[in-house]
Amino acid sequence: MNAWLHRLALIIAGIALRLLPPDQRPWGAAMLGELVTIPRGGEAVRFALGCLGHGLRTGLAARPLLIGVLCAIGATGLGLVHLALTGAPGSHLAINAAALVIGLLALANLRLLARLVPVTADNLALLICAMLAGSTMLGNAAQGAQRWLTVGGATIQPSLILVPLLVCALARSTGNRALLALTIAAQTLAWQPDRAMAGALAASMAGLFWRERTGPRALAVGIAISAFAVTLVRPDLGERVPYVDQIVWLAFAQHPLAGLAVWIGSALLLVPAIVARPTDRSSGLAFGLFWGAAILAAALGNYPTPLVGYGSSAVIGYCLALLGIAPRQSASVGCAPTLAPRKNERSDGVWRRLALP
Amino acid sequence: MVRDRTLSPVARRVLAALAEAGADWSHGYDLCRSAGVKSGTLYPLLIRLEAQGQLEAEWQAPVEPGRPPRHVYRLTARGRALAADHPPLDQAAPTAPQGIPA
Numbered sequence: 001m002n003a004w005l006h007r008l009a010l011i012i013a014g015i016a017l018r019l020l021p022p023d024q025r026p027w028g029a030a031m032l033g034e035l036v037t038i039p040r041g042g043e044a045v046r047f048a049l050g051c052l053g054h055g056l057r058t059g060l061a062a063r064p065l066l067i068g069v070l071c072a073i074g075a076t077g078l079g080l081v082h083l084a085l086t087g088a089p090g091s092h093l094a095i096n097a098a099a100l101v102i103g104l105l106a107l108a109n110l111r112l113l114a115r116l117v118p119v120t121a122d123n124l125a126l127l128i129c130a131m132l133a134g135s136t137m138l139g140n141a142a143q144g145a146q147r148w149l150t151v152g153g154a155t156i157q158p159s160l161i162l163v164p165l166l167v168c169a170l171a172r173s174t175g176n177r178a179l180l181a182l183t184i185a186a187q188t189l190a191w192q193p194d195r196a197m198a199g200a201l202a203a204s205m206a207g208l209f210w211r212e213r214t215g216p217r218a219l220a221v222g223i224a225i226s227a228f229a230v231t232l233v234r235p236d237l238g239e240r241v242p243y244v245d246q247i248v249w250l251a252f253a254q255h256p257l258a259g260l261a262v263w264i265g266s267a268l269l270l271v272p273a274i275v276a277r278p279t280d281r282s283s284g285l286a287f288g289l290f291w292g293a294a295i296l297a298a299a300l301g302n303y304p305t306p307l308v309g310y311g312s313s314a315v316i317g318y319c320l321a322l323l324g325i326a327p328r329q330s331a332s333v334g335c336a337p338t339l340a341p342r343k344n345e346r347s348d349g350v351w352r353r354l355a356l357p
Numbered sequence: 001m002v003r004d005r006t007l008s009p010v011a012r013r014v015l016a017a018l019a020e021a022g023a024d025w026s027h028g029y030d031l032c033r034s035a036g037v038k039s040g041t042l043y044p045l046l047i048r049l050e051a052q053g054q055l056e057a058e059w060q061a062p063v064e065p066g067r068p069p070r071h072v073y074r075l076t077a078r079g080r081a082l083a084a085d086h087p088p089l090d091q092a093a094p095t096a097p098q099g100i101p102a
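Sequences listed follow chains V and H, in order. Using this note's numbering, the letters of the first sequence correspond one by one to residues 1 to 357. Using this note's numbering, the letters of the second sequence correspond one by one to residues 1 to 102.
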């Protein structure tokens with residue numbers, strides 16, 4: 001029994017070692033090396049479980065993009081559960097599932113493109129604001145607002161796709177071009193009007209200013225808040241759309257499990273912000289505040305509930321926004337300090353040569 | 001980051017255990033036992049201390065054949081100063097006055 005417990009402890013600590021980012025693996029080997037000195041199997045398992053906890057925390061923090069993708073899949077999946085339980089048409093489920101595939105493919109392609117054609121955050125912000133303004137001018141007006149666009153028979157909300165990506169770019173730049181892009185985007189949202197997206201943009205800009213108390217950040221928060229104020233003053237005549245708006249409250253009334261799926265799915269949207277926090281605090285904060293504000297807007301008014309409600313735009317927008325929390329290509333991954341093997345130190349493959357006591 | 005003002009009771013206990021060992025090397029499991037901390041708390045702390053130059057760490061050759069080398073730790077001069085400035089809270093807590101003698 002004791003030997004079995006020791007073997008179990010070795011397996012657990014081995015998993016912990018593999019979870020750790022490369023620069024911390026010598027520490028994982030150090031944890032494994034201790035197991036052979038622990039006489040009691042139960043104690044060795046407890047020690048290994050503690051190491052696994054550290055491995056999970058550190059390993060997840062070093063892989064924010066993976067966590068983000070898993071959260072996107074989880075939240076969209078829970079959204080499908082909500083839609084199925086509340087009797088939504090099958091086409092709603094198919095569209096959300098297809099949007100997830102499109103969003104993840106777009107994320108992968110953009111990552112690849114970013115490697116081939118380096119684009120600065122400033123230029124990306126300008127490109128996004130141009131697309132937002134253009135799509136708004138070409139878009140459809142309905143219920144006193146002009147924030148939708150019909151593409152191939154499907155109606156999308158460009159701001160839900162583009163503004164999250166704009167926030168990512170703005171988290172990484174405070175240059176003049178980024179501020180110009182923010183001004184154009186904020187005015188476009190005020191003109192549409194889109195109270196939810198303007199509010200989410202203002203929340204993320206306020207978060208960035210809280211992190212970096214600089215002149216450009218103060219200007220950015222001023223621009224975003226003024227646009228949000230305009231949307232508050234302008235009448236918002238949007239009526240509630242079933243399976244899309246206010247489902248945070250209504251889903252529970254329809255089916256308790258549907259309500260639970262909506263709440264858990266919404267909480268999942270914020271997880272990447274927490275995971276990304278140690279590696280890139282500004283991007284993680286902006287990401288979390290943006291999606292938190294979008295969820296709050298959906299709970300308070302007739303605005304789309306991201307990912308867990310029907311709507312492809314938010315699914316695609318969320319996937320694209322994960323670019324913002326992905327480790328930068330030039331930056332080192334992981335926040336933990338290194339334990340570089342020193343001269344005469346042996347750190348590789350130690351765990352392979354462990355002998356049980 | 002291990003900052004002076006944010007040294008937790010656990011960090012203080014680990015520092016005290018390392019300081020007590022002096023120039024001798026300590027092992028991870030022994031530190032867990034002597035400081036009364038879990039491995040999942042100890043190692044992140046050791047990693048931070050080492051990164052800040054308050055802890056020395058090295059691999060020690062196995063004492064028995066077939067055993068793996070072990071990672072060992074001891075405080076640097078800076079680490080010893082940090083430990084001296086931040087004793088465990090039960091030691092650092094001021095004693096309540098017992099009353100003014102008549």
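Don't read these hints as lab results, they were simulated from the structure. Predicted, not measured: the structure shown is a model, and the values here were computed from it. Possibly wrong hints are sitting among the right ones.
To be verified - Just a few of them, taken from the derived set where beta-carbon distance is under 8 Å, the chain H residues facing chain V:
id, residue
1, Ala23
2, Trp25
3, Tyr43
4, Leu45
5, Arg67
6, Pro68
7, Pro69
8, Arg70
Ideal Cβ placement from N, Cα and C applies to all residues, glycine included.
Here's how the hints hold up against the structure:
1. Ala23: Interface hint status for Ala23 of chain H: violated (18 Å vs cutoff 8 Å).
2. Trp25: Violated. Min distance 12 Å.
3. Tyr43: With a closest approach of 5 Å, the Tyr43 of chain H hint holds.
4. Leu45: violated (10 Å)
5. Arg67: The hint holds - Arg67 of chain H has a Cβ within 8 Å of chain V, the shortest such distance being about 5 Å.
6. Pro68: holds (5 Å)
7. Pro69: At about 5 Å, which falls below the 8 Å cut-off, the nearest Cβ of chain V leaves the hint on Pro69 of chain H intact, so it holds.
8. Arg70: holds (5 Å)
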